[in-house]
Amino acid sequence: MNLVRPAAVAGTFYPAEAAVLRTEVERLLARAEHAGEVAAVSWPKAIIVPHAGYIYSGAVAASGYALLAKGRGHIRRVALLGPAHRVPFRGLALPGVQAMQTPLGNVAVDPAGVEALAGLPQVREMPTAHAQEHALEVQLPFIQEVLDGVSVIPLVVGDARPEAVAEVLEKLWGGEETVIVISSDLSHYHPYAEARAIDRHTVQEILHFESTPIEHEQACGATPINGFLPVARKHHLHPRLVGLCNSGDTAGSRDAVVGYAAVAFYGESRDHAGC
37 MNLVRPAAVA
47 GTFYPAEAAV
57 LRTEVERLLA
67 RAEHAGEVAA
77 VSWPKAIIVP
87 HAGYIYSGAV
97 AASGYALLAK
107 GRGHIRRVAL
117 LGPAHRVPFR
127 GLALPGVQAM
137 QTPLGNVAVD
147 PAGVEALAGL
157 PQVREMPTAH
167 AQEHALEVQL
177 PFIQEVLDGV
187 SVIPLVVGDA
197 RPEAVAEVLE
207 KLWGGEETVI
217 VISSDLSHYH
227 PYAEARAIDR
237 HTVQEILHFE
247 STPIEHEQAC
257 GATPINGFLP
267 VARKHHLHPR
277 LVGLCNSGDT
287 AGSRDAVVGY
297 AAVAFYGESR
307 DHAGC
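Residue numbers (my numbering): 37 to 311.
Keep in mind the hints are simulated off the structure, nothing from the lab. Treat each hint with caution, since some may be false.
So the derived label-pair ranges between C-beta atoms look like this [as the list claims (entries may be wrong)]:
#	residue 1	residue 2	range
1	Arg122	Ser289	20 to 28 Å
2	Glu246	Glu151	31 to 39 Å
3	Glu246	Glu212	24 to 32 Å
4	Ala148	Arg126	21 to 29 Å
5	Gly109	Gly141	13 to 21 Å
6	Gly141	Leu243	29 to 37 Å
7	His237	Glu53	25 to 33 Å
8	Asp291	His237	36 to 44 Å
9	Gly185	Ala233	38 to 46 Å
Computed from a predicted model, the values in this text were never measured in an experiment. Glycine is no exception: its CB is placed at the ideal position from the N, C-alpha and C atoms.
Starting from the given sequences, assemble the full structure and let the hints guide the process.
So this is what it looks like as C-alpha coordinates:
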(Lines of atoms letter the chains of each structure in order from A and count residues from 1; the text may use other names and numbers.)
(Lines give C-alpha, C1' and ligand atoms only; values in the text may rest on other atoms or scores of the structure.)
Protein backbone atom coordinates (compact mmCIF):
# COMPACT_ATOMS: atom_id res chain seq x y z
CA MET A 1 0.00 0.00 0.00
CA ASN A 2 1.27 3.49 -0.85
CA LEU A 3 1.71 5.57 2.29
CA VAL A 4 1.23 8.90 0.46
CA ARG A 5 -1.30 9.88 -2.17
CA PRO A 6 0.79 11.93 -4.64
CA ALA A 7 -0.42 15.23 -6.04
CA ALA A 8 -2.27 14.64 -9.29
CA VAL A 9 -3.30 18.11 -10.50
CA ALA A 10 -0.34 20.28 -9.49
CA GLY A 11 0.64 22.25 -12.57
CA THR A 12 -2.88 22.22 -13.97
CA PHE A 13 -5.34 23.34 -11.30
CA TYR A 14 -2.69 25.19 -9.29
CA PRO A 15 1.07 25.88 -9.54
CA ALA A 16 3.39 22.91 -9.25
CA GLU A 17 6.38 24.84 -7.88
CA ALA A 18 6.21 25.23 -4.09
CA ALA A 19 7.39 28.85 -3.95
CA VAL A 20 5.01 29.94 -6.70
CA LEU A 21 2.11 28.07 -5.11
CA ARG A 22 2.75 29.55 -1.68
CA THR A 23 2.95 33.05 -3.13
CA GLU A 24 -0.30 32.54 -5.02
CA VAL A 25 -2.19 31.19 -2.01
CA GLU A 26 -0.85 34.00 0.18
CA ARG A 27 -1.91 36.56 -2.42
CA LEU A 28 -5.44 35.14 -2.63
CA LEU A 29 -5.79 35.05 1.15
CA ALA A 30 -4.44 38.60 1.55
CA ARG A 31 -6.90 39.81 -1.05
CA ALA A 32 -9.77 38.15 0.85
CA GLU A 33 -8.64 39.76 4.11
CA HIS A 34 -8.36 43.16 2.44
CA ALA A 35 -11.90 42.74 1.10
CA GLY A 36 -13.13 42.60 4.70
CA GLU A 37 -14.26 38.99 4.74
CA VAL A 38 -12.60 38.29 8.09
CA ALA A 39 -14.66 40.48 10.42
CA ALA A 40 -15.69 37.53 12.58
CA VAL A 41 -14.26 37.26 16.08
CA SER A 42 -13.99 33.49 15.78
CA TRP A 43 -13.91 30.96 12.99
CA PRO A 44 -16.67 28.97 11.26
CA LYS A 45 -17.38 25.34 12.06
CA ALA A 46 -17.76 24.58 8.37
CA ILE A 47 -17.28 26.11 4.94
CA ILE A 48 -18.46 25.27 1.45
CA VAL A 49 -15.82 26.31 -1.09
CA PRO A 50 -15.22 25.71 -4.82
CA HIS A 51 -12.62 23.45 -6.41
CA ALA A 52 -11.86 24.77 -9.89
CA GLY A 53 -8.43 25.92 -11.01
CA TYR A 54 -7.16 28.76 -8.85
CA ILE A 55 -7.26 31.20 -11.76
CA TYR A 56 -11.02 30.66 -11.88
CA SER A 57 -12.21 30.05 -8.32
CA GLY A 58 -9.20 30.66 -6.10
CA ALA A 59 -10.38 34.07 -4.91
CA VAL A 60 -13.76 32.69 -3.82
CA ALA A 61 -12.16 29.72 -2.09
CA ALA A 62 -9.78 32.09 -0.30
CA SER A 63 -12.70 34.14 1.01
CA GLY A 64 -13.85 31.03 2.86
CA TYR A 65 -10.43 29.90 4.04
CA ALA A 66 -9.46 33.37 5.31
CA LEU A 67 -12.21 32.98 7.91
CA LEU A 68 -10.52 29.86 9.29
CA ALA A 69 -7.28 31.74 9.99
CA LYS A 70 -8.47 32.72 13.47
CA GLY A 71 -8.61 29.01 14.31
CA ARG A 72 -4.91 28.48 13.62
CA GLY A 73 -3.49 26.65 16.61
CA HIS A 74 -6.95 25.57 17.75
CA ILE A 75 -8.14 23.64 14.70
CA ARG A 76 -6.35 20.30 14.61
CA ARG A 77 -8.25 18.37 11.94
CA VAL A 78 -10.34 18.97 8.84
CA ALA A 79 -13.06 16.66 7.60
CA LEU A 80 -12.82 17.22 3.85
CA LEU A 81 -15.61 16.00 1.57
CA GLY A 82 -15.95 16.46 -2.17
CA PRO A 83 -17.69 14.82 -5.11
CA ALA A 84 -16.30 12.08 -7.30
CA HIS A 85 -15.47 13.34 -10.80
CA ARG A 86 -13.37 10.46 -12.13
CA VAL A 87 -14.53 7.12 -10.76
CA PRO A 88 -18.18 6.14 -10.24
CA PHE A 89 -18.87 4.21 -7.06
CA ARG A 90 -21.37 3.93 -4.21
CA GLY A 91 -20.74 5.41 -0.79
CA LEU A 92 -17.80 7.43 0.49
CA ALA A 93 -14.15 6.62 -0.15
CA LEU A 94 -11.10 7.06 2.02
CA PRO A 95 -7.72 7.05 0.23
CA GLY A 96 -6.12 4.31 2.30
CA VAL A 97 -2.95 6.34 2.85
CA GLN A 98 -1.20 8.07 5.72
CA ALA A 99 -0.77 11.43 3.98
CA MET A 100 -1.83 13.55 1.01
CA GLN A 101 0.91 15.28 -0.99
CA THR A 102 1.02 18.79 -2.43
CA PRO A 103 4.02 20.85 -3.58
CA LEU A 104 3.95 22.43 -0.09
CA GLY A 105 4.54 19.06 1.57
CA ASN A 106 2.42 16.28 2.99
CA VAL A 107 -0.83 16.62 4.92
CA ALA A 108 -1.34 13.80 7.41
CA VAL A 109 -4.50 11.73 7.22
CA ASP A 110 -6.06 11.72 10.68
CA PRO A 111 -5.93 8.15 12.03
CA ALA A 112 -8.50 8.79 14.78
CA GLY A 113 -10.94 10.13 12.21
CA VAL A 114 -10.42 7.12 9.98
CA GLU A 115 -10.92 4.83 12.95
CA ALA A 116 -14.13 6.65 13.89
CA LEU A 117 -15.58 5.66 10.52
CA ALA A 118 -14.62 1.99 10.82
CA GLY A 119 -17.65 -0.24 10.56
CA LEU A 120 -19.83 2.23 8.65
CA PRO A 121 -21.00 0.28 5.59
CA GLN A 122 -21.05 3.35 3.36
CA VAL A 123 -17.34 4.10 3.94
CA ARG A 124 -14.48 2.11 2.40
CA GLU A 125 -10.90 2.54 1.38
CA MET A 126 -10.72 3.14 -2.37
CA PRO A 127 -7.42 4.60 -3.59
CA THR A 128 -8.63 4.68 -7.20
CA ALA A 129 -11.36 7.18 -6.28
CA HIS A 130 -8.67 9.56 -5.00
CA ALA A 131 -5.89 8.94 -7.51
CA GLN A 132 -6.90 11.58 -10.09
CA GLU A 133 -9.57 13.44 -8.12
CA HIS A 134 -9.10 17.21 -7.94
CA ALA A 135 -12.02 18.20 -5.67
CA LEU A 136 -10.09 17.47 -2.48
CA GLU A 137 -6.56 18.10 -3.68
CA VAL A 138 -7.09 21.74 -4.61
CA GLN A 139 -8.24 22.45 -1.04
CA LEU A 140 -5.06 21.13 0.56
CA PRO A 141 -2.69 24.07 -0.17
CA PHE A 142 -5.21 26.46 1.40
CA ILE A 143 -5.47 24.19 4.44
CA GLN A 144 -1.69 23.98 4.69
CA GLU A 145 -1.22 27.73 4.45
CA VAL A 146 -4.09 28.80 6.73
CA LEU A 147 -3.99 26.14 9.43
CA ASP A 148 -0.55 24.50 9.34
CA GLY A 149 0.03 21.16 10.98
CA VAL A 150 -3.54 19.90 10.88
CA SER A 151 -4.58 16.46 9.75
CA VAL A 152 -7.39 15.69 7.33
CA ILE A 153 -10.05 13.05 6.88
CA PRO A 154 -10.36 13.09 3.05
CA LEU A 155 -13.56 11.58 1.70
CA VAL A 156 -14.53 11.41 -1.95
CA VAL A 157 -18.31 11.13 -2.07
CA GLY A 158 -19.85 8.91 -4.70
CA ASP A 159 -23.47 7.82 -5.07
CA ALA A 160 -24.71 8.16 -1.49
CA ARG A 161 -27.92 9.07 0.26
CA PRO A 162 -27.88 12.29 2.32
CA GLU A 163 -28.47 10.23 5.46
CA ALA A 164 -25.31 8.22 4.78
CA VAL A 165 -23.23 11.39 4.40
CA ALA A 166 -24.85 12.87 7.49
CA GLU A 167 -23.95 9.82 9.56
CA VAL A 168 -20.31 10.20 8.56
CA LEU A 169 -20.31 13.89 9.47
CA GLU A 170 -21.83 13.19 12.86
CA LYS A 171 -19.03 10.71 13.56
CA LEU A 172 -16.44 13.35 12.70
CA TRP A 173 -18.17 16.46 14.12
CA GLY A 174 -16.04 16.87 17.26
CA GLY A 175 -15.57 20.25 18.92
CA GLU A 176 -13.66 23.40 18.04
CA GLU A 177 -10.65 21.28 17.08
CA THR A 178 -12.54 20.01 14.02
CA VAL A 179 -13.81 21.91 10.99
CA ILE A 180 -15.79 20.65 8.02
CA VAL A 181 -14.89 21.60 4.45
CA ILE A 182 -17.36 20.76 1.68
CA SER A 183 -15.84 21.09 -1.79
CA SER A 184 -18.29 22.03 -4.55
CA ASP A 185 -18.69 24.25 -7.57
CA LEU A 186 -22.13 25.48 -8.58
CA SER A 187 -23.82 25.34 -12.00
CA HIS A 188 -21.88 24.31 -15.08
CA TYR A 189 -21.76 25.71 -18.62
CA HIS A 190 -24.78 27.99 -18.75
CA PRO A 191 -24.63 31.45 -20.32
CA TYR A 192 -23.49 34.11 -17.86
CA ALA A 193 -26.81 35.72 -16.95
CA GLU A 194 -28.60 32.37 -16.70
CA ALA A 195 -25.86 30.96 -14.49
CA ARG A 196 -26.03 33.95 -12.16
CA ALA A 197 -29.76 33.40 -11.66
CA ILE A 198 -29.34 29.65 -11.07
CA ASP A 199 -26.48 30.16 -8.62
CA ARG A 200 -28.27 32.87 -6.66
CA HIS A 201 -31.22 30.51 -6.26
CA THR A 202 -28.94 27.67 -5.15
CA VAL A 203 -27.22 29.86 -2.59
CA GLN A 204 -30.57 30.94 -1.16
CA GLU A 205 -31.56 27.30 -0.80
CA ILE A 206 -28.36 26.65 1.11
CA LEU A 207 -28.69 29.73 3.31
CA HIS A 208 -32.26 28.88 4.24
CA PHE A 209 -31.71 25.14 4.72
CA GLU A 210 -34.44 24.40 2.18
CA SER A 211 -35.86 20.90 2.49
CA THR A 212 -35.75 20.36 -1.28
CA PRO A 213 -32.44 18.67 -2.11
CA ILE A 214 -29.86 20.55 -4.16
CA GLU A 215 -29.68 18.99 -7.62
CA HIS A 216 -26.42 18.03 -9.31
CA GLU A 217 -27.22 20.49 -12.09
CA GLN A 218 -27.05 23.20 -9.41
CA ALA A 219 -23.85 22.01 -7.73
CA CYS A 220 -21.47 19.19 -8.59
CA GLY A 221 -21.05 18.62 -4.86
CA ALA A 222 -24.78 18.28 -4.28
CA THR A 223 -24.40 14.91 -2.58
CA PRO A 224 -22.05 16.08 0.20
CA ILE A 225 -23.97 19.36 0.50
CA ASN A 226 -27.29 17.55 0.91
CA GLY A 227 -25.75 15.37 3.61
CA PHE A 228 -24.17 18.32 5.39
CA LEU A 229 -27.08 20.77 5.53
CA PRO A 230 -29.37 18.72 7.82
CA VAL A 231 -26.47 18.15 10.21
CA ALA A 232 -25.60 21.85 10.17
CA ARG A 233 -29.20 22.70 10.94
CA LYS A 234 -29.36 20.11 13.72
CA HIS A 235 -26.27 21.67 15.30
CA HIS A 236 -27.80 25.17 14.97
CA LEU A 237 -25.18 26.55 12.61
CA HIS A 238 -25.78 29.90 10.98
CA PRO A 239 -24.75 30.24 7.32
CA ARG A 240 -23.30 33.39 5.77
CA LEU A 241 -22.44 33.91 2.12
CA VAL A 242 -18.91 35.28 1.81
CA GLY A 243 -18.20 34.92 -1.90
CA LEU A 244 -20.14 34.35 -5.14
CA CYS A 245 -19.06 34.65 -8.75
CA ASN A 246 -18.49 32.54 -11.84
CA SER A 247 -15.74 31.88 -14.34
CA GLY A 248 -17.06 34.69 -16.52
CA ASP A 249 -16.10 37.10 -13.74
CA THR A 250 -12.60 35.75 -13.34
CA ALA A 251 -10.79 34.15 -16.26
CA GLY A 252 -13.22 32.67 -18.75
CA SER A 253 -15.70 33.39 -21.51
CA ARG A 254 -19.23 34.39 -20.53
CA ASP A 255 -20.75 32.07 -23.12
CA ALA A 256 -20.66 29.02 -20.83
CA VAL A 257 -19.58 29.56 -17.24
CA VAL A 258 -19.08 27.62 -14.00
CA GLY A 259 -20.37 29.07 -10.73
CA TYR A 260 -18.51 29.37 -7.43
CA ALA A 261 -19.62 30.24 -3.91
CA ALA A 262 -18.10 30.31 -0.45
CA VAL A 263 -20.50 29.84 2.45
CA ALA A 264 -19.40 29.85 6.10
CA PHE A 265 -21.37 28.18 8.88
CA TYR A 266 -20.97 29.51 12.42
CA GLY A 267 -22.08 28.07 15.74
CA GLU A 268 -24.54 29.87 17.98
CA SER A 269 -21.88 31.07 20.37
CA ARG A 270 -19.68 32.63 17.69
CA ASP A 271 -19.82 36.00 16.01
CA HIS A 272 -20.07 35.70 12.27
CA ALA A 273 -19.11 37.68 9.21
CA GLY A 274 -21.74 39.24 7.04
CA CYS A 275 -21.58 39.42 3.29
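**Asked** Using the C-beta atoms of Arg122 and Ser289, is the stated range 20 to 28 Å upheld?
**Response** At 25 Å between Cβs, range holds.
**Gly185 paired with Ala233, Cβ distance criterion 38 to 46 Å** = holds, 42 Å
**Asked** Does the Cβ pair Glu246, Glu151 satisfy 31 to 39 Å?
**Response** holds, 34 Å
**Request:** Please test the hint of 21 to 29 Å on the beta carbon pair from Ala148 and Arg126.
**Result:** holds, 25 Å
**His237 versus Glu53 beta-carbon gap, inside 25 to 33 Å or not** = violated, 40 Å
**Message:** Given the hint of 13 to 21 Å, is the C-beta distance from Gly109 to Gly141 inside that range or not?
**Reply:** holds, 18 Å
**Asked** Do the Cβ positions of Glu246 and Glu212 conform to the proposed distance bound of 24 to 32 Å?
**Response** holds, 28 Å
**Prompt:** Okay, Gly141 versus Leu243 on CB: inside 29 to 37 Å?
**Reply:** Between Gly141 and Leu243, where Cβ atoms are some 35 Å apart, the hint holds.
**Asked** Is it true that the C-beta distance of Asp291 to His237 lies inside 36 to 44 Å, as the hint says?
**Response** violated, 21 Å
In the structure shown, a violation is registered for the earlier hints numbered 7, 8, in ascending order.
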